[in-house]
Amino acid sequence: MQSKLLKKEMTIPADFLYSPRAATIVKTKQMTANEKFFEIKFDDGEPLGHEPGQFIQLSIFGIGEAPVGICSSPTKEDRSTFEVCVRKVGTFTNALHKLDVGDKLGIRGPYGRGFPIDELKGNDVLIVAGGLGIVPLRSLINFIIDRRRDFGNVMILLGCKGPKDRLFTDDMKEWERMLNINYACTVDRADPDWKGNVGVITTLMPGVHIDKNRTYAVVVGPPIMYKFVIAELLKKGLSENQIILSLERRMKCGLGKCGHCQINSVYVCKDGPTFTYAELKGLGEAL
Amino acid sequence: MRYVSLQKDKLPQFVNSLQKKYKVVAPVKKENLFVFATIEDPEEVELDYMPTILPPKKYFLPQHEKLGSFVKDNVAMADTNIDVEPTVLFGAHTCDIEGIECLDIVFHDTPADPYFGRRKKSIIIIGYECMKPCDEYSTCVTMDTLNPRAGYDIMITDIGDKYILYINSPEGMGIIGKNPIFGKVENERDVKTKLLKLREDKVKNFKVQIDADYKELNKIFGTSYNSKTWQDVGKRCVSCGNCTAVCPTCYCFDINDEVKLDMSGGKRERVWDSCQLDEFAMVTGGENFRKERSSRQRHRYYRKFDYSVKKYSKFFCVGCGRCTRTCMADISLIETVNELAKEHKNAK
Amino acid sequence: MSQSKNKKVRIALFDFADCEGCQLQVTYLNDQLVGLLEHCEIVNFREAISERSDDYDIALVEGSITRKHDEERVKKIRENAKILIAYGSCACIGGVNGLRKKFTQEEAKDIVYKGREFPIDVGEPRPVHEVVKVDYFIYGCPTNNEETIKALKSILIGKGYTPPRYPVCVECKLKENVCLFEKGQVCLGPVTRGGCGAWCTSYGNTCYGCRGLLDKPAQEGQMDILKKNGYTLEELKQKFETYNLCRMMGEQNATEKS
Amino acid sequence: MQQKNLNINVDYLTRVEGHGDIVINVKEGKLEKCELQVIEAPRFFEAMLRGRSIFEAQHITSRICGICSTGHSLASIKASEDAAGFTPTQQTVLLRKLLLHYETLDSHLLHAAFLVAPDALGVPSVLPLLTTHKALVLMVLGMKKDYSDLCDILAGRHTHPITVCPRGFTKLPTKKELQKTKDILTQHVAKLNKIVDLFTTLKLPNFERATEYVALTHPEEYAFLDGNITTTDMRDSVIHPHDYKEVIHEFHVAHSTSKHSKNKRDSYMVGALARININFNKLNKQAKSVASALNFKTPSYNPYMNTIAQVIESAHCLYDAIAIVDHFLKIGINYDEVVSSWPKVDEWPTFKCKARKGVGAVEVPRGILIHEYTINERGIIKNANCCIPTNQNLANIDLDMKKLVPEVLDKSKEEITLLAEMLVRAYDPCISCSCHMLDVKFIE
Ligand SMILES: Cc1cc2nc3c(=O)[nH]c(=O)nc-3n(C[C@H](O)[C@H](O)[C@H](O)COP(=O)(O)OP(=O)(O)OC[C@H]3O[C@@H](n4cnc5c(N)ncnc54)[C@H](O)[C@@H]3O)c2cc1C
Ligand code: SF4
Ligand code: SF4
Ligand code: SF4
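Chains as they are written, first to last, in the working numbering: chain L, 1 to 287; chain H, 1 to 348; chain Z, 1 to 258; chain U, 1 to 444.
Rather than coming from a laboratory, the hints here were simulated on the basis of the structure.
Treat the numbers as computed from the prediction; the structure is a model and nothing was measured.
C-beta: ideal position from N, C-alpha, C; glycine also.
Please note that the accuracy of each hint is not assured.
Selected chain Z positions facing chain U (in silico; Cβ < 8 Å) [stated by the list, open to error]:
| hint | residue |
| --- | --- |
| 1 | H39 |
| 2 | I111 |
| 3 | N205 |
Straight-line Cα separation of at most 27 Å, DSS-like style, residue types lysine-lysine; simulated pairs [to be verified]:
| hint | chain 1 | residue 1 | chain 2 | residue 2 |
| --- | --- | --- | --- | --- |
| 4 | H | K23 | U | K282 |
| 5 | H | K66 | Z | K150 |
| 6 | Z | K228 | H | K267 |
| 7 | L | K104 | Z | K183 |
| 8 | H | K260 | U | K145 |
| 9 | U | K30 | Z | K102 |
| 10 | H | K121 | H | K345 |
| 11 | L | K98 | H | K267 |
| 12 | Z | K175 | H | K29 |
| 13 | U | K144 | H | K260 |
| 14 | U | K354 | H | K23 |
| 15 | U | K357 | Z | K237 |
| 16 | H | K58 | Z | K150 |
| 17 | U | K357 | H | K58 |
| 18 | H | K20 | U | K171 |
| 19 | H | K311 | H | K345 |
| 20 | L | K98 | Z | K68 |
| 21 | H | K20 | U | K176 |
| 22 | H | K267 | Z | K68 |
| 23 | H | K121 | Z | K76 |
| 24 | Z | K109 | U | K145 |
| 25 | H | K314 | L | K281 |
| 26 | U | K382 | Z | K237 |
| 27 | L | K76 | L | K173 |
| 28 | L | K88 | H | K121 |
| 29 | Z | K76 | Z | K175 |
| 30 | L | K98 | Z | K133 |
| 31 | H | K29 | U | K330 |
| 32 | L | K88 | Z | K76 |
| 33 | U | K182 | U | K330 |
| 34 | Z | K102 | U | K182 |
| 35 | H | K30 | Z | K102 |
| 36 | L | K98 | Z | K76 |
| 37 | H | K121 | L | K227 |
| 38 | H | K21 | U | K175 |
| 39 | U | K411 | Z | K183 |
| 40 | H | K29 | H | K207 |
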């Protein structure tokens, strides 16, 4: 289950295994009360060189590190920067939220196995995002948009708690507008201005028509969502190999050593964070 | 020359000669138990010892290890090189050597861990073969770690009237060198035969307590994931983390930053962690993927007998018995595995 | 807390019902104290200096809150302080003061002040957080300077401080001590919050639980262990009580209520 | 003398351990009120000990006072052992003496150099001394750190010692640690001389009031850890610690949460001055030569001289500590004597406690400290009483002040305040302790 990336890493001098590379924040945006967007550039000008679905370890010395997914596509116009979107939940993320344009931070990575782009190519792609799950998926969606010709039908289903919790609303407007993308969004609880769907994400599923022979579903969201969405997808006839998920676990090293992200015999940081449902099904602690 | 002999009374002299060039760490007494410690006086060395409280992994993966330092307003980590004093690990048992081998596999798996690598390179391992069982908790026969195999520079075997030293590496050769305290071995083939015979004979002294052999073990774990044994073990466990700390093949760690008092900088270090602790697998939002003590204990066993086999084709239990010895709740590896073996057999 | 270059963070120490042992630890900081004083200023430290001030950022509150008068005093401190730290076990969990709770106020007064006219407000020993909001906790009887420094640094750079949630055993094993159970003794290490560096057990004594029970102690497992070692429930309760009576009584009340 | 009104209220005495206020009220030249008020949150240790085992009494009573925790530990252990009928080994006794010496040295030096010297040099606190006597201040700070290190070696920590318990020590120092101990103590000889030099130049107020002095005394040594009780009024007779109540009569006063004590007179004094007045001849020769260097003569009725007595005692303790360490360096430590703080299950049958009383009397820096426990046959404390040195001195302090203030009424208010403060400080009171322990009587 080793990705191409691991070979790349071997060329990093050993000393730098735990040493972050210096980077600077070039743009920030408060997306919701708790989520903030950062555009980051390496001080040496090198691109990050990631694949959609991979993650990096952000580092603030004195505070610590935290793994976060990359939300920009490697096909982005300005390849010298990349983007992340972080929810404020604890020590590190609180400290990160205090940073602004011009502030420096450290980056390790990219790490992990991204979404299986090669397999998705030529096929239909159903993207299901719940809450923060949109963060790594945005990278994939924008990748697909930039390489639209390589993919078949593309459907995006989005679920959030409420209209105010929606991330990347600008992108969403764009996706909604695009004719070659099917886009739907639902919220658990509406507010007076909300005109769209109301209900958990599975309520969108019946309306989705897929060709089970050529569709891959890429699903990212909280653990509770997986259970229901996977059941729906299997009902629609997708095979376990056609369902792709991304998992979140506690991580310290990102290098397959520290043991925190271990799910049964796999390490999320190295073997994942993306998996096919087939890979995870037998793992008792995965979902 | 692969073998030399050493008169028993010359052992302190040998240790003394090592001390001239190396820091020597060896088993010494601590109250009624033993620990590996830097020795000052060769007389402190206790070769007839029970497995130490902590295995020698603490020299390869220290309890607290600095990864590097940093200064304020600079994101680069400096000082990532570690200097390891040339060290001799003296008198390590074969099970512990096997434990170091397990760690070696993990830390050399891509991407290789530079800190472990450097320590491994700087530590010369002189093993000491067990001729009799240490206590009823070890399972070295089942785990096939009783006899020396690999991972050491020199192996000392007590053949009764004297020691035979087997030299297994250029570093080992460097140590033996031309030191006159060692005797020449006339016929290396004879010695080899003699040692093989000795090993055949000594196994008889060891009582095998696990009701499954090496090959069956993995199969047993293949069917035991949902065994009720885990509930029983979980009920007794107090999550003190002792079993993982003392295990020669447990290597999980945490990474922490600590700033200096004047806040001008600080260091990033890694500290031993334990999958038995409540928070170990907790993520944002409070979700904990191994909330129950039973699932954490199961995880530990599976890391020894199943996951490691899937990942590295190797058992990560070396049969040292420490986890059982240290557990105040009397959770016994032998009992647990036998319980699983029984269930496995009955299911069949 | 953001620090501007020239204004030092002002730290104040206060004591309530206690032995002042935790404050005393501050005087043992030596070089580290000097280092700390580069960006902090200690105001209100009755044991060492005379000056007093109401202008401080961080208040270290030592001791349990007992009397009405103390309750008001600590409320004032809370108002003045940006950050309030419960310092030491008396402040964090009630500590040995909790043992007083085995008696009613009247009994206690009678035992000690029998025949005295002097009015005495006995009060109920309470950890500080039961009276005012506490931002951080530094446990220990006495507090351990290594932890105090670690916590202060961590708070000063804005990271905050969470004491370990694992038991004393973790640190004890890392120090390679011979386990007390191995020697046939009863130790509260497995159910006591770590962070002291296994202080007592490293010196051959048992853990007395001075840092308080873990949030989720394996009480059943621990009882089993102790019983196996020949100790009675009564002895056990006694051991737990030494530092944890405030919490134990609180839990009892809670169950009584429900 | 002019007719004067004076109202002094020193709220929160600084530079004494604990909370205390001095109140002096003079109306038209007449002293109306003059007392040391001690009001602190009471903690009821007396109640807390009830029903506890003698094997945890040390741990609990140590928490009476962080500053005097070693003294409380030792007195408690002695009371426990006495009650259980246990005699400690010679090694244990010597090591306990060593620990008590550390405590005395640490406390005396801090008091003399940091709390009293500033007064004698006419500065408000130790801080100005940092400019005038920087080397000395740093030296004393260093010594303080040394004692904390030495306590770490022997007891695990200074505040609330870990290794000391009934029956012995839970951990004994290694040979290397003993050598380190010796090195540190040897360096202190020269350092102590510097402090002695400082005190030869200092002038302490001239004031005398003869009172009764109470201390332990021992036929073979300058009594700290062991001895019988005697007083200067008892001449040469002694009483066993069990009968301490024949001398120490406690009573309540309104202005303090602490108990006061007296014997035949209205008050008595305990502490370094009392000890030296009684046991001067038993001082070692080094201490005696310090006494002559400081021009100290017994008996001294000047309470301000308590500090001088402390400096002399420091010399005694230091040289005695070195002798103890030398002894162990020579014959080695017997590590088989390590004990557990609480008897193991299999040891219990060997404990045949009888229901009886045990008393531990120890000379701690501030004077004689007594713990008295009555236990049942299972070693459970039924009744406890503790006499704290500072409490025993409170009545004497009040009477000293009542004599002192009229003698100095011609001075300014500031000067009077200072003299009164200095007087209280001379006693080195630990108000923390004094409020935390009172009479302990259980009515059953
Ligand atoms: C592969 C991966 C990708 C992620 N991508 C994103 C992202 O794009 N945006 C985002 O906002 N968050 C993301 N996260 C989650 C993010 O890493 C955590 O929210 C963050 O580490 C919390 O750190 P903290 O110091 O702020 O919280 P803490 O104060 O440490 O703790 C808050 C909570 O988070 C848990 N936690 C602590 N450390 C981790 C950790 N390393 N991983 C997971 N949970 C942890 C704690 O148990 C606790 O419940 C990702 C996590 C993983 C593993
Ligand atoms: S699991 Fe137990 S017996 Fe096996 S290597 Fe680890 S400590 Fe030793
Ligand atoms: S926690 Fe212990 S050391 Fe601290 S003040 Fe309270 S009794 Fe004293
Ligand atoms: S070992 Fe136990 S009693 Fe001792 S300091 Fe630590 S928590 Fe407190």
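The hints, checked one at a time:
no. : hint             : verdict
1   : H39              : violated, 20 Å
2   : I111             : holds, 5 Å
3   : N205             : holds, 5 Å
4   : K23/H to K282/U  : violated, 50 Å
5   : K66/H to K150/Z  : holds, 16 Å
6   : K228/Z to K267/H : violated, 44 Å
7   : K104/L to K183/Z : violated, 53 Å
8   : K260/H to K145/U : holds, 21 Å
9   : K30/U to K102/Z  : violated, 48 Å
10  : K121/H to K345/H : violated, 45 Å
11  : K98/L to K267/H  : holds, 22 Å
12  : K175/Z to K29/H  : holds, 15 Å
13  : K144/U to K260/H : holds, 24 Å
14  : K354/U to K23/H  : violated, 55 Å
15  : K357/U to K237/Z : holds, 26 Å
16  : K58/H to K150/Z  : holds, 24 Å
17  : K357/U to K58/H  : violated, 51 Å
18  : K20/H to K171/U  : violated, 32 Å
19  : K311/H to K345/H : holds, 26 Å
20  : K98/L to K68/Z   : violated, 41 Å
21  : K20/H to K176/U  : holds, 21 Å
22  : K267/H to K68/Z  : violated, 46 Å
23  : K121/H to K76/Z  : violated, 60 Å
24  : K109/Z to K145/U : violated, 40 Å
25  : K314/H to K281/L : holds, 24 Å
26  : K382/U to K237/Z : holds, 18 Å
27  : K76/L to K173/L  : holds, 18 Å
28  : K88/L to K121/H  : violated, 43 Å
29  : K76/Z to K175/Z  : violated, 42 Å
30  : K98/L to K133/Z  : holds, 25 Å
31  : K29/H to K330/U  : holds, 23 Å
32  : K88/L to K76/Z   : violated, 32 Å
33  : K182/U to K330/U : holds, 12 Å
34  : K102/Z to K182/U : violated, 46 Å
35  : K30/H to K102/Z  : violated, 41 Å
36  : K98/L to K76/Z   : violated, 30 Å
37  : K121/H to K227/L : violated, 48 Å
38  : K21/H to K175/U  : holds, 25 Å
39  : K411/U to K183/Z : violated, 67 Å
40  : K29/H to K207/H  : holds, 26 Å
Of the numbered hints given earlier, the model fails hints 1, 4, 6, 7, 9, 10, 14, 17, 18, 20, 22, 23, 24, 28, 29, 32, 34, 35, 36, 37, 39; all others are met.
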